[in-house]
Amino acid sequence: MGFQTEFNSVCKFKNEQELYELLEYGRGKMLKEGLRVYPTGQKVIAYSPENKAVAIVKITACVSEINFNGKEVTSVELQLVRQLTEQEAAVQTALAHEMFFGDVETA
382 MGFQTEFNSV
392 CKFKNEQELY
402 ELLEYGRGKM
412 LKEGLRVYPT
422 GQKVIAYSPE
432 NKAVAIVKIT
442 ACVSEINFNG
452 KEVTSVELQL
462 VRQLTEQEAA
472 VQTALAHEMF
482 FGDVETA
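Under my numbering, residues 382 to 488 are what the sequence shown spells out, in order.
Calculated directly from the structure, the hints in this document are not laboratory data.
Some hints could be false.
Below, computed lysine-lysine pairings styled on DSBU-like, alpha-carbon distance capped at 35 Å [stated by the list, open to error]:
1. LYS410 <-> LYS424
2. LYS424 <-> LYS395
3. LYS452 <-> LYS393
4. LYS452 <-> LYS395
5. LYS433 <-> LYS393
6. LYS433 <-> LYS395
7. LYS410 <-> LYS393
8. LYS395 <-> LYS410
9. LYS424 <-> LYS393
10. LYS452 <-> LYS439
11. LYS424 <-> LYS452
12. LYS439 <-> LYS410
13. LYS393 <-> LYS439
14. LYS410 <-> LYS452
15. LYS410 <-> LYS433
16. LYS424 <-> LYS439
17. LYS439 <-> LYS395
18. LYS433 <-> LYS452
Construct all of the structure, not just a fragment, from the sequences and the given hints.
In structure tokens, the structure reads:
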């Protein structure tokens with residue numbers, strides 16, 4: 382059992398509802414499997430489940446625990462800083478595909 386760090390400035394949503402709540406209300410929560418450390422106070426790029434850059438968010442809290450079902454989970458609370466413009470989103474998406482998601486998109 383160990384902690385996986387998330388210091389690569391990527392906050393990828395796997396759940397469309399969590400992303401919607403963040404964009405709609407300005408605050409949100411994201412649940413991740415496994416024990417992870419998200420750096421509280423850091424601003425990161427948020428990505429949709431389809432690996433598209435959508436916004437800049439600030440991580441306000443991170444709690445890793447073993448829940449009642451015995452599963453390792455991490456809960457991350459986020460605050461929306463701002464949504465990305467179309468051009469910013471395209472550039473950040475292309476960079477993330479090359480750096481983090483392991484594939485290169487050609488436009």
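Verification of the supplied hints:
no.: 1; hint: LYS410 <-> LYS424; in the structure: holds, 15 Å
no.: 2; hint: LYS424 <-> LYS395; in the structure: holds, 19 Å
no.: 3; hint: LYS452 <-> LYS393; in the structure: holds, 20 Å
no.: 4; hint: LYS452 <-> LYS395; in the structure: holds, 17 Å
no.: 5; hint: LYS433 <-> LYS393; in the structure: holds, 9 Å
no.: 6; hint: LYS433 <-> LYS395; in the structure: holds, 12 Å
no.: 7; hint: LYS410 <-> LYS393; in the structure: holds, 12 Å
no.: 8; hint: LYS395 <-> LYS410; in the structure: holds, 12 Å
no.: 9; hint: LYS424 <-> LYS393; in the structure: holds, 13 Å
no.: 10; hint: LYS452 <-> LYS439; in the structure: holds, 26 Å
no.: 11; hint: LYS424 <-> LYS452; in the structure: holds, 28 Å
no.: 12; hint: LYS439 <-> LYS410; in the structure: holds, 11 Å
no.: 13; hint: LYS393 <-> LYS439; in the structure: holds, 13 Å
no.: 14; hint: LYS410 <-> LYS452; in the structure: holds, 18 Å
no.: 15; hint: LYS410 <-> LYS433; in the structure: holds, 18 Å
no.: 16; hint: LYS424 <-> LYS439; in the structure: holds, 4 Å
no.: 17; hint: LYS439 <-> LYS395; in the structure: holds, 18 Å
no.: 18; hint: LYS433 <-> LYS452; in the structure: holds, 28 Å
In summary, the structure agrees with every hint in the numbered list given earlier.
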